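Protein chains: 4
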Amino acid sequence: MYRSRPKDKLDDHVLKFLSSIQQDQSILYYDVQGSEAHSIMLHEMGHLTSGELKKILAALEEAKQEPDKIETEGYEDIHEAIEAFVIKRAGMDAGGKMHTARSRNDQVVLDIRMKIRDDINDVCAALASLIVGLVTRAQESKRVPMPMYTHLQQAQIGTFSHFLLSYAYALMRDMERLYLVYQRVNQSPLGACAIGGSSISIDRKKTAILLGFDSIVRNSIDATSSRDAFLEYVATLAILMSTLGRIAEDFIIWSTTEFGFIELADRYSSTSSAMPQKKNPDPLELTRAKAAIITGNLVSILGIVKALPSGYSRDLQDVKPPLLGTSATTLDAIKVIDGAVRSLKINKNKMRLTLQSSW
Amino acid sequence: MYRSRPKDKLDDHVLKFLSSIQQDQSILYYDVQGSEAHSIMLHEMGHLTSGELKKILAALEEAKQEPDKIETEGYEDIHEAIEAFVIKRAGMDAGGKMHTARSRNDQVVLDIRMKIRDDINDVCAALASLIVGLVTRAQESKRVPMPMYTHLQQAQIGTFSHFLLSYAYALMRDMERLYLVYQRVNQSPLGACAIGGSSISIDRKKTAILLGFDSIVRNSIDATSSRDAFLEYVATLAILMSTLGRIAEDFIIWSTTEFGFIELADRYSSTSSAMPQKKNPDPLELTRAKAAIITGNLVSILGIVKALPSGYSRDLQDVKPPLLGTSATTLDAIKVIDGAVRSLKINKNKMRLTLQSSW
Amino acid sequence: MYRSRPKDKLDDHVLKFLSSIQQDQSILYYDVQGSEAHSIMLHEMGHLTSGELKKILAALEEAKQEPDKIETEGYEDIHEAIEAFVIKRAGMDAGGKMHTARSRNDQVVLDIRMKIRDDINDVCAALASLIVGLVTRAQESKRVPMPMYTHLQQAQIGTFSHFLLSYAYALMRDMERLYLVYQRVNQSPLGACAIGGSSISIDRKKTAILLGFDSIVRNSIDATSSRDAFLEYVATLAILMSTLGRIAEDFIIWSTTEFGFIELADRYSSTSSAMPQKKNPDPLELTRAKAAIITGNLVSILGIVKALPSGYSRDLQDVKPPLLGTSATTLDAIKVIDGAVRSLKINKNKMRLTLQSSW
Amino acid sequence: MYRSRPKDKLDDHVLKFLSSIQQDQSILYYDVQGSEAHSIMLHEMGHLTSGELKKILAALEEAKQEPDKIETEGYEDIHEAIEAFVIKRAGMDAGGKMHTARSRNDQVVLDIRMKIRDDINDVCAALASLIVGLVTRAQESKRVPMPMYTHLQQAQIGTFSHFLLSYAYALMRDMERLYLVYQRVNQSPLGACAIGGSSISIDRKKTAILLGFDSIVRNSIDATSSRDAFLEYVATLAILMSTLGRIAEDFIIWSTTEFGFIELADRYSSTSSAMPQKKNPDPLELTRAKAAIITGNLVSILGIVKALPSGYSRDLQDVKPPLLGTSATTLDAIKVIDGAVRSLKINKNKMRLTLQSSW
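Residue numbers (our numbering), protein chains in the order written: chain W, 627 to 985; chain Z, 627 to 985; chain F, 627 to 985; chain U, 627 to 985.
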């Protein structure tokens, strides 16, 4: 089995401290997929019989379909838990071989790379919808004159659509960046094992192809130690969130009584019992806050890898929560801004009045 | 009731985005306590009859004893959920008055202040234990000569206890700092309401005394807008974690085969199936990583409050998760280092050999 | 002499990379003071004759009075440069003994501690002036009704003075924190030498008293390795800057044409040739930006010490620039806000009009 | 002229606070180039006569050749100072027209984009040299067996070249990223003016072509407000520095007496007078520290743009110092690692001995 203990058992509080099992739910699916590809390759290279392969695949398929059946209590991470599940289902003879020529060091990087690939697609789909929303609203408001501001002081005459399109342009660069990150993420680390590869004959390109990777990370130290592609992904989302936060800021200011240029839809605002006539831009404020949260996540990851020696260190486990959290938060925030943009009301009159009273 | 909606209902994804209900479990207890004190004060000021007070207190007591009974589904935060619970138990007539002269803006700051007070005590207790552990081990190793390093190069002769005591001194400053933070945390914001206090007669000092506060935050804008005491708390823990991370680094280096000065106890190390003779310092590596995580949390909070206008904004809700996470993580990390210190084996021979071979 | 080279000379670009000589100008004065106290102690302990002491003190006094005479070209830091200056003036026999029982490892920490002490006093003096300014303006505006905002939406009626006092309260906590930091800064590390103290008899308390320290940092590893007091200082200023940035934000919003509650004095605003009637709140915007700059400085220092082993490492040299920059920037920003507060014009009419049109 | 003052003059301390003139020296060259292209375009569009253009270009050429002649005292930034210089040389009639249809808002973004283009080329050239150095040393050490580590514990047998190539692979990704950033940087913002473009007929594509840009930033709000390309650049360097810092960490550990796998050349190490036999890896330690410094710079810039409304705000001026500092520091650090790699001595014996004593 994967991780054997030194003689003494871990104290409960140490096990809890070491365990990543809760965050691992979101990579479970990818872990199973990776194990499927790895097992098929092991079979093709002669390390697993057809019978063993079948048993393993059946167990893995069950794990994928009914993940709740996987016992997680007492395991340090999902890799252990799935291995134990497979051994229970497929027997020690077959299941025990599933991790031949593999280590959790290359496995965890594989899982996260697969997860990021899907997240990039989700984020880009949401971004595309938001950009469509912005352009749609821009089309209907291209004749709506509105003051433009520098230093938050009235500066020139523009249109509301001019602002919406400025957001769309910036977000298109974000999408472009995500597309470019994908290339560096989409390389398979599988086969690098603990750090130095395996003495057993394996076919790294085979698993890469089965899992849809463009290529492999050639150097095994690089494959298990480097996290620069993850950093690039999180930095890209931090930049994207910075743009969303600035859009939120514009909308918050414009929906004050004093500016009054837009009115948020009821379902994108809150109120309070004491002052029911108020319309508070809570979802926008939280989007603004999330930009700061993601900056913090990026700092956490940059800090974790700071001055870390080559070779897997357990520190790298803590990259997962801020990385996964960044994906989820960004996706939510894009959808919130999308909904807010599509549903907000434009107060042309207030814009016109402000322009008239301006010099 | 607390938060009434504009006409349209929130979309599910917006509600999820707005909701802090999951993080709020850890302030539930304090929220109930705060409501008890507030209700008693309302009664003493003549705003609640004895009967109403009794009903409210009974409901709150039930909430405290059996928090699982509180319905949270569909509520944006724990304040709403508890209010709804009380109204259901105590009736609209009594329960509906519980929030007289109060807002979730002063309430949430109150809850977090009470939570931090307890967390400071917990962290200090754990720190005290760790310091005792360090001093104990120092006493038994004060005759153990060991090389001292600058730039990780052998520099002078010292003792193992000299290092342990250097940690103890640093951690005592951390404890001192926490004690000082407590003073600024231990001031009651209750009664500041949304931002400008209440026109209803209340006794802010009364609730402060009931809840064990030293004094009140006098200015109501300050009470609801400022988060500097929270920042101070998180910064203090970030500094403490930085010290723990450096202790971890020393131990990681000293437990390499090459240095070999100490050996971690089995229950504070991990191994791997492929190389069962290895002893990996996983809990120490995670402690090192946690220092970076907490730095990220601090950055998140500093980022959230950056350039936030006076008056409660929903952004401030997002201060909670990094703040609460910082408390919990720091507490865990202290205990891990405490256990590691108390159980590690000192290799006097290796220290002596290194000194002999040194110039 | 202090730092002797291995055989080969440093390449120019490496020397430039290693050198801190430019940032060191601001600790030159303290370095000289520290050398004076150290030399007096060395004399009292019998390591320097009266004649040697006189020569050294004369050279140091010259260095203090005419710092421009100190050759810095080719030296890695100010400690080396001053030592070379003293040797040139006092001769190798006397000057060469000045660093007996001292290392640049304890010396640099000493210098920075002395610098921070003075900076704390300067910052507190500037803060006191700002608080006086706020209270003065508050007194004259306590009858000026003004809308209060939550979520940047009009919420309750308050007064302008209510806001000004909320700032004053927050800044008083900042001053309180600085006072508390002073205690942990004001401890002498001198005598810790490279890491393990000195075999030569010295009197650490003597130098501490001469230099105005409350006490000494007892443990020599702690004295040379720890930077927690510096982190505490920078974190405290980051929190203070966060408050200043929020004041700036309020003022920026209130001085828009749309809100129009205040008007900045000409000398605290800018304009542009194209739109001369505009009044841009540039000094406030830069104050807001500085809050982010200081957060970055704090992250730099937390990152530098992250996972640094015990004992001086050259990494610690890079703590200086962000630390010194934080002091200077904070001081400037306080003065800018002070001047802006004292000179801004309150538009009572606009406040009244807004209140009247509000529900 | 560019920036006219409101009636009152700025206080000296406010001018100092506002001024970016010192940091601007490194964009002076680009500012002049931009003005040349802009003036040529103005002439082609009929806004400047041949005579006026000649006078302006002569003055600008002088500014480029002898930048020390440009008076900077009393100016807030280099744009003002150069304009004043041109007006003095070319006369008010010609020089005063140089900024027709231009604002410092589009000008400063233009300058920084041009500066980043050159910096990317410099960084990539230095990276290429470092990669060549790594591969060269790898070729000569591919038969040098060396232990590989996970968790800093001996794990598998590898070779020294395996490590060097892992660095080379990672750095090639950094170079790839810089190449991709270049595309988004290399778009001309010129012509966006203050925020909304100009009513005067200009040819944005003409200036873009003259200055070597691939295309223009179409939307004028986007062109003056967005800083995502700058963030992307700094984030890319932060990731690169994180890799360099990890290489430095490996080398620092390997050059301890205990590991002893490599020995730094004298000119890439330091020593101390007290312990002249020590060889301290100071340049590597500073490289490690610089990684943290750059993370702080990234945080500063992310913090500055956080929640900034659309349209130029003076906050953006403070993006310059951390951005320019990041370029310079990264370039220095690459060269230091390059020199260290090429000059370090490999201790094959120590590697072999460690492998033999290992299980």
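Treat the hints loosely; a few may be bogus.
Claimed, not checked - Ranges between beta-carbon positions, derived for each pair:
{"hint": "1", "chain 1": "U", "residue 1": "G886", "chain 2": "W", "residue 2": "T726", "range": "50 to 56 Å"}
{"hint": "2", "chain 1": "W", "residue 1": "K642", "chain 2": "Z", "residue 2": "T762", "range": "24 to 30 Å"}
{"hint": "3", "chain 1": "W", "residue 1": "D840", "chain 2": "F", "residue 2": "G886", "range": "54 to 60 Å"}
Said to hold, decoys possible - Think about it this way: if two alpha-carbon atoms lie no more than 20 Å apart in a straight line, the pair counts; the simulated PhoX-like pairs of lysine-lysine are:
{"hint": "4", "chain 1": "Z", "residue 1": "K642", "chain 2": "W", "residue 2": "K961"}
{"hint": "5", "chain 1": "F", "residue 1": "K642", "chain 2": "U", "residue 2": "K961"}
{"hint": "6", "chain 1": "Z", "residue 1": "K741", "chain 2": "Z", "residue 2": "K690"}
{"hint": "7", "chain 1": "F", "residue 1": "K723", "chain 2": "F", "residue 2": "K832"}
{"hint": "8", "chain 1": "Z", "residue 1": "K635", "chain 2": "W", "residue 2": "K961"}
{"hint": "9", "chain 1": "F", "residue 1": "K905", "chain 2": "U", "residue 2": "K635"}
{"hint": "10", "chain 1": "U", "residue 1": "K635", "chain 2": "F", "residue 2": "K635"}
Read the hints as simulated data drawn from the structure, not as lab findings. Bear in mind the structure is a predicted one, so any value in this text is a computation, not a measurement. Glycine residues also receive a C-beta, built at the ideal position from the N, C-alpha and C atoms.
Going down the list of hints, with the structure as the test:
no. : hint                        : result
1   : U:G886 - W:T726: 50 to 56 Å : 35 Å, violated
2   : W:K642 - Z:T762: 24 to 30 Å : 25 Å, holds
3   : W:D840 - F:G886: 54 to 60 Å : 58 Å, holds
4   : Z:K642 - W:K961             : 12 Å, holds
5   : F:K642 - U:K961             : 12 Å, holds
6   : Z:K741 - Z:K690             : 15 Å, holds
7   : F:K723 - F:K832             : 18 Å, holds
8   : Z:K635 - W:K961             : 17 Å, holds
9   : F:K905 - U:K635             : 14 Å, holds
10  : U:K635 - F:K635             : 52 Å, violated
Violation of the numbered hints given earlier is confined to hints 1 and 10; the remaining hints are satisfied by the structure.
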